[in-house]
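Please model the complete structure; the sequences and the hints are all you need to start from.
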Amino acid sequence: MTDQHGATPMIEVRALRKSFGEHEVLKGVDLAVARGEVVAIIGPSGSGKSTLLRCMNLLEQPSSGEVWFEGTQINLPGVDVNRVRMRMGMVFQLFNLFPHLTVLDNVTLAQTKVLRTGRDEAQERARALLAKVGLAAKEQAYPNSLSGGQKQRVAIARALAMRPAVMLFDEPTSALDPEMVQEVLATMDELVREGMTMVVVTHEMGFARRAADRIVFVDEGSIVAQAPPERFFGAPASARVRQFLEKIPT
Amino acid sequence: MTAGLQAVHDSFPLLLHGALVTVEVTAMALVLGAVAGLAGGLARVSPLAPLRGLAAAYVSVIRGTPFIVQLFFVYYAFPQLGIRVPPMVAAVCCLAVYSGAYQTEIVRGAIQSIERGQIEAARSLGLSRAQSMRYVVLPQAFLRMLPPLGNEFVALTKNSALVSLVTVQELLLSAQLIISATFQNFSVYLTIGIMYYVMTSIVSTGTQLLERRLKVYV
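Going down the list, the sequences are from chains A and B.
Using the numbering used here, read the first sequence as starting at -19 and increasing by one per residue.
Using the numbering used here, read the second sequence as starting at -4 and increasing by one per residue.
Keep in mind the hints are simulated off the structure, nothing from the lab.
Please note: incorrect hints may appear among the correct ones.
Said to hold, decoys possible - Calculated cross-link-like contacts (lysine to any residue; reagent style SDA-like; alpha-carbon spacing at most 20 Å):
| no. | chain 1 | residue 1 | chain 2 | residue 2 |
| --- | --- | --- | --- | --- |
| 1 | A | K93 | B | P134 |
| 2 | B | K210 | A | Q120 |
| 3 | A | K93 | B | I114 |
| 4 | A | K93 | B | M128 |
| 5 | A | K7 | A | S25 |
| 6 | B | K210 | A | T82 |
| 7 | B | K153 | B | L185 |
| 8 | A | K93 | B | S127 |
| 9 | A | K93 | A | R63 |
| 10 | A | K7 | A | P24 |
| 11 | B | K210 | B | S123 |
| 12 | A | K118 | A | A145 |
| 13 | A | K118 | B | V211 |
| 14 | A | K93 | B | R129 |
| 15 | B | K210 | B | T200 |
| 16 | A | K118 | B | V213 |
| 17 | B | K210 | A | S125 |
| 18 | B | K210 | A | L126 |
| 19 | A | K93 | B | Q126 |
| 20 | A | K93 | A | E104 |
| 21 | A | K118 | B | A125 |
| 22 | A | K227 | A | G186 |
| 23 | B | K153 | B | F62 |
| 24 | A | K93 | B | L27 |
| 25 | B | K210 | A | K7 |
| 26 | A | K93 | B | L133 |
| 27 | B | K153 | B | L27 |
| 28 | B | K210 | A | L84 |
| 29 | A | K93 | B | K210 |
| 30 | B | K210 | A | L81 |
| 31 | B | K210 | A | Y122 |
| 32 | A | K112 | A | D85 |
| 33 | A | K93 | B | Q113 |
| 34 | B | K210 | A | P79 |
| 35 | A | K93 | B | F62 |
| 36 | A | K227 | A | M185 |
| 37 | A | K93 | B | A125 |
| 38 | A | K7 | A | A205 |
Treat the numbers as computed from the prediction; the structure is a model and nothing was measured.
Structure (structure tokens):
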């Protein structure tokens, strides 16, 4: 369970396969994410990159293979998946805020129900996080009154409230109007600066280039290339990668 | 016509008492039916197949047979097995079970209408399946249940007239007793028609008000 430097990866998947019916979406993926590392997963739509991310916190059950988190295999019967998930924050493409709760309650719900934090302490932490993402003034608003960018920043605050060891982002800016993409990416840049371990499925090549330690390129259910950004963008490893990069603004 | 008005006037306390019994029967059946509907609806979306099957069978049988047959079965057929059910108990239980089957489908539909992403977000934060249901899905589903539940409560109020057939002296049976003494069909049936309409209007207005109050976040 150690890489060549002797440190336990934060997350590791081994020989990961996932099928939906007849369709095999992941065809044996191996990937380890180190503590403090920022990994950007890119690739064409339908390549399996979101499924790979969703297998990491078991929102999808792998068909076969292993998922490890902080040195423990988590896709085994008897593992308390709730305890694992509360340590892995997840941000979704469509935000998935709870529309019946105010912004503040969105950020306190899991703190009080899962961590059993007291209400005052949970609200204090929620307010600090909302201030951090620039939405202190919106705590009493309901999600449906917010813009897409604001919703996604609340969603990030909601995930951070659980003090996760790693943050998983599933195309966090893909559903946003162009002018709102930057405010969300700025929030993510700040997390990178703080040293958060992050796995980000994204089409934002600018963000991947400046923020990621490693780019992982997924195509047709397999990792076909991975490299640090300078090398990945500077000297694409294969014709397939070059072909993909030509079609996407970087 | 004046004889009719006189009959209604003289027997009005009896009609009011009947209306009160209708309200009692309906209210008790409504509460028990809602409990059955919530339990049935949750069972319908349960990960446990036997529970789902049981709930599906309940809905299928109750919706697939006439209410009046269910009521007569409990009131007239159970005694053959040595189980004597008092009229009021038979009335409330049968109405509750009947309405509960329809409410089960309302609850199931509302739960399933909540976007999958809501449960995923809740589970990704570490909430258990039950907690996700309790704090995320059901509060949103409840708002979507209200309009069809309002219809169901109105239907329940009207169906309560059928329990007159097992000697529960609610509004319809009270009216029939008055008519058998006065022969004033027109006035008495018109009167109880209005009384039923008032009751169902209160029920549907009530659910609409509740819906408006809960709708703050939409």
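We went through each hint and held it up to the structure:
With a CA separation close to 16 Å, the supplied pair K93/A and P134/B stays within the 20 Å bound. Proximity of K210/B to Q120/A is assessed by CA-CA distance (about 16 Å); at most 20 Å being required, the pair is judged to hold. Note on K93/A and I114/B: the hinted pairing holds, with a Cα-Cα distance of about 15 Å set against a maximum of 20 Å. As the CA atoms of K93/A and M128/B are separated by approximately 13 Å, the hinted pair is consistent with the 20 Å bound.
For the suggested pair K7/A and S25/A, the alpha carbons sit about 16 Å apart, so the restraint of at most 20 Å is met. For the given pair, K210/B sits about 13 Å from T82/A by alpha-carbon distance, which is consistent with the 20 Å threshold. Simply put, K153/B and L185/B have alpha-carbon atoms about 15 Å apart, close enough for the 20 Å limit, and the pair holds. Note on K93/A and S127/B: the hinted pairing holds, with a Cα-Cα distance of about 10 Å set against a maximum of 20 Å.
Proposed proximity of K93/A and R63/A is supported: the alpha carbons are some 12 Å apart, at most 20 Å. Straight-line distance between C-alpha atoms of K7/A and P24/A comes to about 16 Å, which keeps the hinted pair within the 20 Å bound. About 26 Å separates the Cα atoms of K210/B and S123/B, which puts this hinted pair outside 20 Å; it is violated. Restraint check for K118/A and A145/A: the C-alpha separation of about 27 Å exceeds 20 Å, so the hint is violated.
Annotation: proposed proximity of K118/A to V211/B holds, straight-line Cα distance about 16 Å (limit 20 Å). Proximity of K93/A to R129/B is assessed by CA-CA distance (about 11 Å); at most 20 Å being required, the pair is judged to hold. A threshold of 20 Å between alpha carbons decides the hint, and for K210/B with T200/B the separation of about 15 Å falls inside it, so the pair holds. Of the pairs offered as hints, the one joining K118/A and V213/B holds, with about 16 Å between alpha carbons and a cut-off of 20 Å not exceeded.
As the CA atoms of K210/B and S125/A are separated by approximately 13 Å, the hinted pair is consistent with the 20 Å bound. For the given pair, K210/B sits about 17 Å from L126/A by alpha-carbon distance, which is consistent with the 20 Å threshold. Using a Cα cut-off of 20 Å, the hinted pair K93/A and Q126/B holds, with the two alpha carbons roughly 8 Å apart. Restraint check: the Cα-Cα separation between K93/A and E104/A comes to about 16 Å, which is no more than 20 Å; the hinted pair holds.
Only pairs whose Cα atoms come within 20 Å are accepted, and K118/A paired with A125/B is rejected, the gap being roughly 29 Å. Restraint check for K227/A and G186/A: the C-alpha separation of about 14 Å stays at or below 20 Å, so the hint holds. Restraint check for K153/B and F62/B: satisfied, since their Cα atoms lie roughly 12 Å apart, inside the 20 Å limit. Restraint check for K93/A and L27/B: the C-alpha separation of about 29 Å exceeds 20 Å, so the hint is violated.
Distance hint between K210/B and K7/A is unfulfilled; the C-alpha atoms sit about 46 Å from each other, more than 20 Å. Our distance criterion of 20 Å between C-alpha atoms is met by K93/A and L133/B, whose separation comes to about 16 Å. For the given pair, K153/B sits about 17 Å from L27/B by alpha-carbon distance, which is consistent with the 20 Å threshold. Distance restraint check for K210/B and L84/A: the Cα-Cα separation of roughly 18 Å lies within the 20 Å cut-off, and the hinted pair is therefore satisfied.
For the hint pairing K93/A with K210/B, the CA-to-CA distance comes to about 24 Å; that exceeds 20 Å, so the pair is violated. At roughly 12 Å between alpha-carbon atoms, K210/B and L81/A fall within 20 Å of each other, so this suggested pair holds. A distance of roughly 11 Å separates the Cα atoms of K210/B and Y122/A; the hinted pair therefore holds under the 20 Å criterion. The straight-line distance between the Cα atoms of K112/A and D85/A is roughly 17 Å, inside the 20 Å bound, and the hint therefore holds.
Between K93/A and Q113/B, the direct Cα distance comes to roughly 16 Å. Compliance with the 20 Å bound is thereby established for this hinted pair. Under the criterion of a C-alpha separation no larger than 20 Å, the hint pairing K210/B with P79/A is consistent with the structure, at around 11 Å. Pair hint K93/A plus F62/B does not hold up; C-alpha atoms about 43 Å apart against a cutoff of 20 Å. Annotation: proposed proximity of K227/A to M185/A holds, straight-line Cα distance about 12 Å (limit 20 Å).
The straight-line distance between the Cα atoms of K93/A and A125/B is roughly 11 Å, inside the 20 Å bound, and the hint therefore holds. Proximity of K7/A to A205/A is assessed by CA-CA distance (about 15 Å); at most 20 Å being required, the pair is judged to hold.
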